[in-house]
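Construct the complete structure from the given sequences, taking the supplied hints into account.
For the record, the sequence lines run as chains Y and Z. Here the first sequence stands for residues 47 to 809, where the numbers follow the working numbering. Here the second sequence stands for residues 322 to 1141, where the numbers follow the working numbering.
What the hints contain is simulated information worked out from the structure, not anything from laboratory work. Honestly, I wouldn't trust all of these hints.
[Claimed, not checked] Derived DSS-like pairs (lysine-lysine); straight-line CA-CA distance at most 27 Å:
{"no.": "1", "chain 1": "Z", "residue 1": "900", "chain 2": "Y", "residue 2": "721"}
{"no.": "2", "chain 1": "Z", "residue 1": "770", "chain 2": "Z", "residue 2": "957"}
{"no.": "3", "chain 1": "Y", "residue 1": "371", "chain 2": "Z", "residue 2": "770"}
{"no.": "4", "chain 1": "Z", "residue 1": "957", "chain 2": "Y", "residue 2": "721"}
{"no.": "5", "chain 1": "Z", "residue 1": "881", "chain 2": "Y", "residue 2": "371"}
{"no.": "6", "chain 1": "Y", "residue 1": "559", "chain 2": "Z", "residue 2": "948"}
{"no.": "7", "chain 1": "Y", "residue 1": "559", "chain 2": "Z", "residue 2": "526"}
{"no.": "8", "chain 1": "Z", "residue 1": "885", "chain 2": "Y", "residue 2": "559"}
{"no.": "9", "chain 1": "Z", "residue 1": "948", "chain 2": "Y", "residue 2": "721"}
{"no.": "10", "chain 1": "Z", "residue 1": "881", "chain 2": "Y", "residue 2": "721"}
{"no.": "11", "chain 1": "Z", "residue 1": "957", "chain 2": "Y", "residue 2": "559"}
{"no.": "12", "chain 1": "Z", "residue 1": "948", "chain 2": "Z", "residue 2": "522"}
{"no.": "13", "chain 1": "Z", "residue 1": "1127", "chain 2": "Y", "residue 2": "721"}
{"no.": "14", "chain 1": "Z", "residue 1": "916", "chain 2": "Z", "residue 2": "770"}
{"no.": "15", "chain 1": "Z", "residue 1": "1127", "chain 2": "Y", "residue 2": "559"}
{"no.": "16", "chain 1": "Z", "residue 1": "885", "chain 2": "Y", "residue 2": "371"}
{"no.": "17", "chain 1": "Z", "residue 1": "859", "chain 2": "Z", "residue 2": "780"}
{"no.": "18", "chain 1": "Y", "residue 1": "371", "chain 2": "Z", "residue 2": "957"}
{"no.": "19", "chain 1": "Z", "residue 1": "948", "chain 2": "Y", "residue 2": "371"}
{"no.": "20", "chain 1": "Z", "residue 1": "770", "chain 2": "Z", "residue 2": "859"}
{"no.": "21", "chain 1": "Z", "residue 1": "522", "chain 2": "Y", "residue 2": "559"}
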Amino acid sequence: MLGFLKRPIVVTAEVNLNMVSLTVASLLSRLWCLSYPRAVVFDEVYYGPFISFYMNRVFFLDDSGPPLGHMLLALGGYLGGFDGNFLWNRIGAEYTKNVPVWALRLLPALAGALSVPMGYQIVSELRFSHCAAIGAALLLLIENALITQSRLMQLESLLIFFNFLAVLSYLKFFNVQKHSPFSPRWWFWLMLTGVACACAVGTRYMGIFTYLLVLCVAAIHAWHLIGDQTLSNGAAVTCAPVPHQVRVLCHVFARAVALVVLPAVLYLLCFYVHLTLLYRSGPHDRIMSSAFQASLEGGLARITQGQPLEVAFGSQVTLKNVFGKPLPCWLHSHQNTYPIIYENGRGSSHQQQVTCYPFKDINNWWVIKDPERHQLVVSNPPKPVRHGDVVQLVHGMTTRFLNTHDVAAPLSLHAQEVSCYVDYNISMPAQNLWRLAVLSPGNCGLLQPPASCSGSSLLWRLDIVNRQSDRDTWKTILSTVRFVHLNTSAVLKLSGAHLPEWGFRQLEVVGEKLSRGQHESMAWNVEEHHYRTSQEQRGQELELHTPMKANFSLNLSFMARFLELQWRMLTLQSEEAEHRYSSTPLDWVTLDSNIPYWLNPRSSAQIHLLGNLVIWASASMATATYVLLFLWYLLRRQRDIHDLPEDVWQRWVLAGALCGGGWAVNYLPFFLMEKTLFLYHYLPALAFQLLLLPLVLQHTWDHLCRTQVQRGVFSALVVTWYSAACHVSNMLRPLTYGDRPLSPGELLALHWRDSWDILIQKP
Amino acid sequence: MLCASGRLLAARAETSLFAPPGGRGPALRFPRRELHFPGQLNPPLWDSLTGRLTRHNASPHRRVILKWGRMQPAVGRGLAGSELRLRKSRCGSRAARSVGRDGAIQATARSPKPPRRSSRRFEEVGRQALLALVTLLSFATRFHRLDQPPHVCWDETHFGKMGSYYINRTFFFDVHPPLGKMLIGLAGYLSGYDGTFLFQKPGDKYEHHSYMGMRGFCAFLGSWLVPFAYLIVLDLSKSLPAALLTAALLIFDTGCLTLSQYILLDPILMFFIMAAMLSMVKYNSYANRPFSAPWWFWLILTGISLTGALGVKFVGLFIILQVGLNTIADLWHLFGDLSLSLVTVGKHLMARILCLIVLPLVLYMAIFAVHIMVLNKSGPGDGFFSSAFQARLSGNNLHNASIPEHLAYGSVITVKNLRMAIGYLHSHRHLYPEGFGARQQQVTTYLHKDYNNLWIIKKYNTDSDPLDPSFPVEFVRHGDIIRLEHKETARNLHSHYHEAPLTRKHYQVTGYGINGTGDSNDFWRIEVVNRKFGNRIKVLRSRIRLIHLVTGCVLGSSGKILPKWGWEQLEVTCTPYLKQTLNSIWNVEDHINPKLPNISLDVLQPTFPEILLESHMVMIWGNNGLKPKDNDFTSKPWHWPINYQGLRFSGANDTDFRVYLLGNPVIWWLNLVSIALYLISRSIIAIAMQRGAQLSTKVEELTRVLLQGGGQVLLGWMLHYFPFFLMGRILYFHHYFPAMLFSSMLTGILWDTLLRLFAGGLASSSLAKSVHATGILILILGTAYSFYLFHPLAYGMVGPLAQDPKSPMAGLRWLESWEF
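Set out below in structure tokens:
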């Protein structure tokens, strides 16, 4: 028991001075003068507002990526004591005193700096030489584009960091697996892989491709494990012998938990934190559903607080379209009628317009009327409206009935026009009057005798889409409903088209006859709601004292909120954004474009996102070389000619799968994307490519240079090439840091490519 | 080669030498054979029956690794595959080819009778009779009531019309390659249709026009799908019941039936897809006799069918992909076979390049050559194509045209955008509405020829009248500052710092000024791309850019469609981004200047490769342009396999003759279940094999069918289904039908194999046989009965809708989303 007392306690520390010096150097390169320039640089103008939103706890919606990256940026602001008061309105605006620029830029810079020693580790975990590892780290260290990108409030360096972390911890795990599975280290690296994957996906959607790559490699390794009959059990010495099958199952199960379940949980967790932090309503609320808005503090919740839950006959409501595209809007009507003749000569019913209006307005109020009753007030006790009930919708301001009929809608010709019914005494055939008598006897004559009398065409059947049972009541905010016209079985729908001038550019609402399936544009929900208990103004004070105002809370579950937020983020169509500095994936490999990030308004000092040409070109060449060599070896192996020893081949393939594969999965998907792309989207792919480069060099040295002379020449070439890279890096340094003004002559000297956009002020 | 054929002989000799030991199940009756390869140290023992499942003789203590996949991913092997594994898989590959030689034997292996001569002949006759029966049933169902309804149904309005265009030889534009429509046109021509019917909209009565030839042709091709599927499954599974089940599924599917009965591209497309699949499977089965006559025959036929599939629709690419993958895997294994010399492998490679790449390419180009030769008259598709392309269409104003070559001041011109299908610079007497920049005259691009496309080119500072003879001719040169005056309205092309109507970051382009008098915002610098300053500007051939003098922006078209107020023409903007894209490059097409001599422009005739390239660019552009609108209900790929929603072919109301394209739900849901079941059983088998489980020979044989045959078909299903998830264009239900064919074949193979596996566990072989037979029979009868229930969908129905109890379809509307 007390054996440990017999021996002295010894701490043996092993310090890899290479690692330490690399880390120090990279910290220096990334953190040097971090708070310069004290002005908004390029995409900081995009991420800045989100940081402010976090500081103020205001809800926002950003479709560019999941919230973890934004949260990490905001964490910097929180630690630096940022109060969120800064107007991020243009690139180049000077930061005010209250913005802790250094703290805000610290996290991305740290992530960028730590990527360098991690690159070193990855290469050595791939079992390549120490020299190759240093080479990879040095390349990462001096690459100008990586430096520029990590020194600013942007997310790419975080993504690169998490990508590297995922690959590195998987490699560590894979190497531990060989001798001691299920040891604490084994568990640690396995779990860290999952965590890093989740973080990568949480920072940018692009991270999912690296995650899938790691998952694939892990799956292949696990598959070999399943086939391995002689699976060594590292823990078998201490534990009771476990049946072989069970051991394999444990292996597979542990991987599944760490690499599938854990990332999923963490991804949810990051949204949970996001939603917990942002509890106030803000400018992006309007995109979300009413229920979501009501769950935020302020905004809609303030209005809907204290509303009765169940919609009853006689309720006054506003009806919001659930789909809300192109704009979130409410069912609306106004005094104006459809023009008798449209521009193209077609006629209309000339009845009152019904539209969808994207702003709150008194004309958005509708009364739910019971066709059987005369009055427009809620009875006592209120009679709730249920699924399948027949209702009439009365426009609050004009007291006209919502109607649709066999007249083509103004813009969507295949659908029916929806109007508020105005009786011109000629448009309705007589048999409709008769049918009304059967359907709703005796409700004529109270409000608008001729109009309300004129037909069952004013009746709508209520269809609650998200009902639990067939007798569900219609609930404020929570229920999404469809209105099915009784006579023509058309469904009230937002067509999404903007009406012309005569319709004040509001959105067109139609009766869709060929309703195929359920589409959200046909679904509506009640947003604001109150019981109307008295006719006209007579009993206002009575209304205030009614006990029917049951308060109810709208605690949407986290999952519901998460799903809605995620869905909106994925489907939000940001405005087509052609950008002056956007580029295509093909431009990136050859570095055909750059991005001017910032220009000092007083001097010509400027910051550019500009890569090191030598490094980019050689990295692409190395990738091509790898692919060619790999194919060559593969073909020869198929003919049973083994150029490489088996373990070298294994390493070669794994290195290619992780580094070359990392480049491919971070680059090729961009060809399929339709959004605006920038040069910095290439950086994660480039980082992987830089890892592959020294591996190819080492392989060439080891296996392709056979004589001493060849090796000598090759080493000399590598040294020359690296010096050239350093030289180029140094030349571009003023554009990377933007620390000193350059004369037009110097700038012209750096204008190596016509397609580069270097800002040269004309004298 | 010698070696291979030697082996072949040995194999044959041995099979005939061994007497069948009269086992229980039919599959057990085959003995093990040993093949010795000369010159190899480790003579492997092949299990002839298990085919690709191999055993290593030299090391019996090692576990058996069963390799089935011809499509073994290279990475999987590369990452940690050991030497042992690699060698084994190569053994597997060799065994894989040995399978083919057993094919014929295995086919008989399942038949219960001993292979005596007379019974064999009898069996052969029975087999032919079954095939004939299946074919007959297929033709009967497809041709039954083919003439109903006698009006245009659904997309017949497009493809019928395009068939007519071929008969009338007028040029048109479509997003699909021409073969399908050419065949429809040919069928119509041969059956006496004169091309005069307008095919205006669905529901138009054919009346006296002859339409049965075209429908009959499509039905004829559609009928062949069933025998093709039957033969494919028979070849893959060597099992008659499986083939029969597949055939039944396809015969009795209302969806396939409906789709084959109208003038559509789909039956033609599916015919070629299945033909390609069939010939690929056939030529795979001749792998043991490479370079023999049937091998060449099927290989060439594969190539021809592939051309056919691609020539009808671009969806044909998927079957090309499948054949390509199969070929690559095949070659890879041949390459790994050390008994074949590299020369032989090279021959294999060349044969495939010749038949599967060169031949299809030549045929494909031949199709286009015919297409272009037949359509030699100007028609509705002209404006989509470049000026040079139009010059070859008779009736087009550029055909045999002679116009002045160099642009001069005072010329009247039309300006065409170089981007495909953008059209001519256009203006008209309508203003931009309120809220869209300045309320000045609209400038758009328009695809059709029109007087409003004419512009007069003028000097920026003087107003020269083109007809005034006192002015000397002065040519426009690169870098000149000009003014473009719209001929009809006499307004100048104008731009200013207002945002464009749709592309907010660009500037608005308008027509401004009165009778040619405007302001300095009307000045444009004309530049020729890649030319020196001072050069003249050539009509048609110079690629020009117009740069706005004041703002420095470039005239271009964004390609976006303006709303109603802009007559749905395309937006013209002035873009401040100076990147060179085709959108901002123009050429001068028409050129009228009486002072200049006209020269003939025959030199402009584009070469055939240029025409081919341009047609494809326009087709791809057209396909990309078919985007769904936001609020529309569009069919989503996930709807399809669950038969969520059909398509109305004809009629909507209860008095109409209604045809509704919907899969037979019983069959479709069976297919869906089968896919899930297949994936489950496949993973179970894969894990069992990876764990080195010992399987009996019979089970091994069955799993081989399941993994290989089923795998081929599953790959086909995936290739014909999953790519649709990535497509941005608008999708329809009928896009799923090629995948559905593969899915049905999978169902046939799966249920037959599973029933055999299940029955194999039973004690007596006669019981097992009857269980198997009963199972298959129930499935076939079930589908037949469901067809009896649902046949009105395909053959048409009149009467009340399904909600009504009096309807013929009462009670059959199982999903609310079905509309019949």
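Hint-by-hint comparison with the structure:
1. Using a Cα cut-off of 27 Å, the hinted pair residue 900(Z) and residue 721(Y) holds, with the two alpha carbons roughly 18 Å apart.
2. Straight-line distance between C-alpha atoms of residue 770(Z) and residue 957(Z) comes to about 37 Å, which puts the hinted pair past the 27 Å bound.
3. In summary, the hint linking residue 371(Y) to residue 770(Z) is not supported, as the alpha carbons are separated by about 36 Å, beyond the 27 Å threshold.
4. Under the criterion of a C-alpha separation no larger than 27 Å, the hint pairing residue 957(Z) with residue 721(Y) is consistent with the structure, at around 22 Å.
5. About 19 Å separates the Cα atoms of residue 881(Z) and residue 371(Y), which keeps this hinted pair within 27 Å; it holds.
6. Simply put, residue 559(Y) and residue 948(Z) have alpha-carbon atoms about 23 Å apart, close enough for the 27 Å limit, and the pair holds.
7. Distance check on the hinted pair: residue 559(Y) and residue 526(Z) sit about 25 Å apart at the alpha-carbon level, within 27 Å; holds.
8. With a CA separation close to 23 Å, the supplied pair residue 885(Z) and residue 559(Y) stays within the 27 Å bound.
9. The suggested pairing of residue 948(Z) with residue 721(Y) holds, with an alpha-carbon distance near 16 Å, which does not exceed 27 Å.
10. Our distance criterion of 27 Å between C-alpha atoms is met by residue 881(Z) and residue 721(Y), whose separation comes to about 16 Å.
11. Between residue 957(Z) and residue 559(Y) the CA atoms are separated by roughly 20 Å; this keeps the pair inside 27 Å, and the hint holds.
12. Straight-line distance between C-alpha atoms of residue 948(Z) and residue 522(Z) comes to about 22 Å, which keeps the hinted pair within the 27 Å bound.
13. Between residue 1127(Z) and residue 721(Y), the direct Cα distance comes to roughly 53 Å. Violation of the 27 Å bound is thereby established for this hinted pair.
14. Distance hint between residue 916(Z) and residue 770(Z) is fulfilled; the C-alpha atoms sit about 24 Å from each other, no more than 27 Å.
15. In summary, the hint linking residue 1127(Z) to residue 559(Y) is supported, as the alpha carbons are separated by about 23 Å, within the 27 Å threshold.
16. Simply put, residue 885(Z) and residue 371(Y) have alpha-carbon atoms about 19 Å apart, close enough for the 27 Å limit, and the pair holds.
17. Restraint check for residue 859(Z) and residue 780(Z): satisfied, since their Cα atoms lie roughly 17 Å apart, inside the 27 Å limit.
18. Note on residue 371(Y) and residue 957(Z): the hinted pairing holds, with a Cα-Cα distance of about 19 Å set against a maximum of 27 Å.
19. Taking the CA atoms of residue 948(Z) and residue 371(Y), the gap is near 16 Å; set against the 27 Å cutoff, the hint holds.
20. Under the criterion of a C-alpha separation no larger than 27 Å, the hint pairing residue 770(Z) with residue 859(Z) is consistent with the structure, at around 21 Å.
21. Of the pairs offered as hints, the one joining residue 522(Z) and residue 559(Y) holds, with about 20 Å between alpha carbons and a cut-off of 27 Å not exceeded.
Hint violations for this structure: numbers 2, 3, 13, all remaining hints satisfied.
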